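Asker: Hey, can you piece these two chains together into the complex? The hints should help.
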Amino acid sequence: MNRFVKTALVAAMGFGVSAGVFADNVATQSVTYEVSAINELEVSGNPGALTVSTATAGQAPNSVSDASTTYDITTNETGKKITAAVDTAMPAGVTLTVNLGAPTGATSAGAVTLGTVAANAVTGITTLNETDKTITYNLSAAVTAGVVASDSKTVTFTVTDGGA
Amino acid sequence: MHISKSLFICCCLISSAQAADISVTGNWSEMINETDLTAGAGSDLRSPIESGSTLATLDITNTGGGSWTVKANKADFGWPVGASLAVRRTSDGSGSGTVSGGGIYLSLNSSDQEFFTGSGDRSGIQIQLKLEGLSVSNASPDNYSATITYTIE
Numbered sequence: 085m086n087r088f089v090k091t092a093l094v095a096a097m098g099f100g101v102s103a104g105v106f107a108d109n110v111a112t113q114s115v116t117y118e119v120s121a122i123n124e125l126e127v128s129g130n131p132g133a134l135t136v137s138t139a140t141a142g143q144a145p146n147s148v149s150d151a152s153t154t155y156d157i158t159t160n161e162t163g164k165k166i167t168a169a170v171d172t173a174m175p176a177g178v179t180l181t182v183n184l185g186a187p188t189g190a191t192s193a194g195a196v197t198l199g200t201v202a203a204n205a206v207t208g209i210t211t212l213n214e215t216d217k218t219i220t221y222n223l224s225a226a227v228t229a230g231v232v233a234s235d236s237k238t239v240t241f242t243v244t245d246g247g248a
Numbered sequence: 382m383h384i385s386k387s388l389f390i391c392c393c394l395i396s397s398a399q400a401a402d403i404s405v406t407g408n409w410s411e412m413i414n415e416t417d418l419t420a421g422a423g424s425d426l427r428s429p430i431e432s433g434s435t436l437a438t439l440d441i442t443n444t445g446g447g448s449w450t451v452k453a454n455k456a457d458f459g460w461p462v463g464a465s466l467a468v469r470r471t472s473d474g475s476g477s478g479t480v481s482g483g484g485i486y487l488s489l490n491s492s493d494q495e496f497f498t499g500s501g502d503r504s505g506i507q508i509q510l511k512l513e514g515l516s517v518s519n520a521s522p523d524n525y526s527a528t529i530t531y532t533i534e
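Line order of the protein sequences matches chains A and B. The first sequence begins at 85 in my numbering and counts up one residue at a time. The second sequence begins at 382 in my numbering and counts up one residue at a time.
Hints in this document: simulated from the structure, not taken from any laboratory. There are no misleading hints in this set.
So the derived list for chain A, only partly shown, Cβ under 10 Å to chain B, looks like this:
(1) Asn-109
(2) Ala-111
(3) Ile-122
(4) Leu-125
(5) Thr-159
(6) Thr-211
(7) Lys-217
Listed next, with one range per pair, are the computed distances between beta-carbon atoms:
(8) A:Glu-118 <-> B:Thr-532: 24 to 32 Å
(9) A:Thr-116 <-> B:Thr-450: 24 to 32 Å
(10) B:Thr-498 <-> A:Thr-218: 54 to 62 Å
(11) A:Gly-208 <-> B:Asn-519: 13 to 21 Å
(12) B:Ser-491 <-> A:Asp-216: 37 to 45 Å
(13) A:Glu-118 <-> B:Ser-448: 35 to 43 Å
From the derived model, a few chain A residues whose C-beta atoms are all more than 10 Å from chain B:
(14) Ala-141
(15) Thr-191
(16) Gly-194
(17) Thr-242
A quick note: this is a predicted structure, and the numbers were derived from the prediction, not measured. Ideal placement from N, C-alpha and C gives every residue a C-beta, glycine not left out.
One chain only, chain B, in its complex shape (with noise of 0.2 Å):
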């Protein structure tokens, strides 16, 4: 009896080990300018400002070889009012796995949102993200900040 409830212990570490693991490394930093109007004097902010299509990578690990979904969402406190922030994936990335859709961009908001899924272990995720909806009626002189929360499921 007391054999068989070790074992069940057991298969629950296991189990439990191989829950995926997610990291992501760069972050976005961009100053928006008189350079940014579209047209000079008497135009607006361009729309969308997109990040460099490789600013940051996402690493899929201790998945052993299972399925996974990546869901991201956004925390962001005083923002423009209409102003938006989307990621979406640029490389498939390298390893044993496969990694499938994120490949639109995906718009964030404060809520979970499926973002892209695989199998297996993946490194060299490659994400790119765009602000879009900023305006000289919306965005007054400020610093401006948000959190994008990758999850692994």
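Okay, chain A solo, but in the shape it has when bound (with noise of 0.2 Å):
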């Protein structure tokens, strides 16, 4: 009876070393990422200077455009857009325009007239990174604004939420 507990007695104990040892064979390591909203333009350089000064007889002066620079564009969220504003207002009859080519998808609002106001330019943007789109500028002028200065604008564009 005594041989039979002393017997018990060890093998509980060996139960309990077992199952230390058992937990110890295994090792856990955690990985964790965060990936951030990605969303990023960056346009190729300024346009050529735009000068409007021809016109037909009887006709609105011409205008003029330049297509020379273009937009690369990265975004990991859905349902995204480009809005475009300039810093300050136009002169009065002068208007300038700019129509951005869309990216794979997405669409093109057209020649949109920039004011101090963000206009849509592309909507519909969702999760793609592409090169090269187009920018074209377009600037005319009615007979109205008569002689305007040479002036400068800034154009921003901006991707933000909301492109349907």
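Answerer: Structure below.
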């Protein structure tokens, strides 16, 4: 009887040690990463000077355009759009528009008149990275604008929420 | 007869107590943002993204000098489709035993795979992790996590 008790005790101890060893033959490590919202847009440079200086008799002055620049875009979000605005208002009778080529799956708004309030230029942008999308500026002036001194504007393109 | 039973049980105890132990020190946390684009706007996320070469260390003890195999697997939930995680050994560590294999990245999945082998106790075995297949098209803004399980047999 005494021997039976000792054997049972040893067996119980053995079971406990064994369980502890088994628990230690496994080790775990956690890997976590966070992906931030990425919305990057970059233009290739500044367009050339736009000068309205010719007209056909009887017609409004000829508009001029520039398509020498492009933009690159990367976003990892859905439903984004590009808006465009100028830093200060255009002179009365002078209109500057911009037309952005749309990335794959997005929609260009065509020629958008630039003002100090941001206007939608491209909508429906979803998770993409594309380069060399066209930017076309157009400057027109009504005769009522008269002679306008040379000026420069800063055009700001913004990738933001809300593009359908 | 009772004596022989007791000896048998003691032998079992000794055998169980010499099962090798493994422990890992060091987790990996990574922030991925616009600085991870390969060339700014218009480009995609760089791939692979690697941890430091000495990210974590594995210690192998209680081997009794015997041979062992370390296996590894990964459990994740909701990872981006196409994203993968790999591990490699970047140092031998130190100790009386030996260590072999594991120097080439092992792409982890949900099943145990042999990572490296060795014998005897080794400590300070350094490992490195690699994340591949992330893209702006599959990695929406979110937090992602996984657990790597190392098992020694």
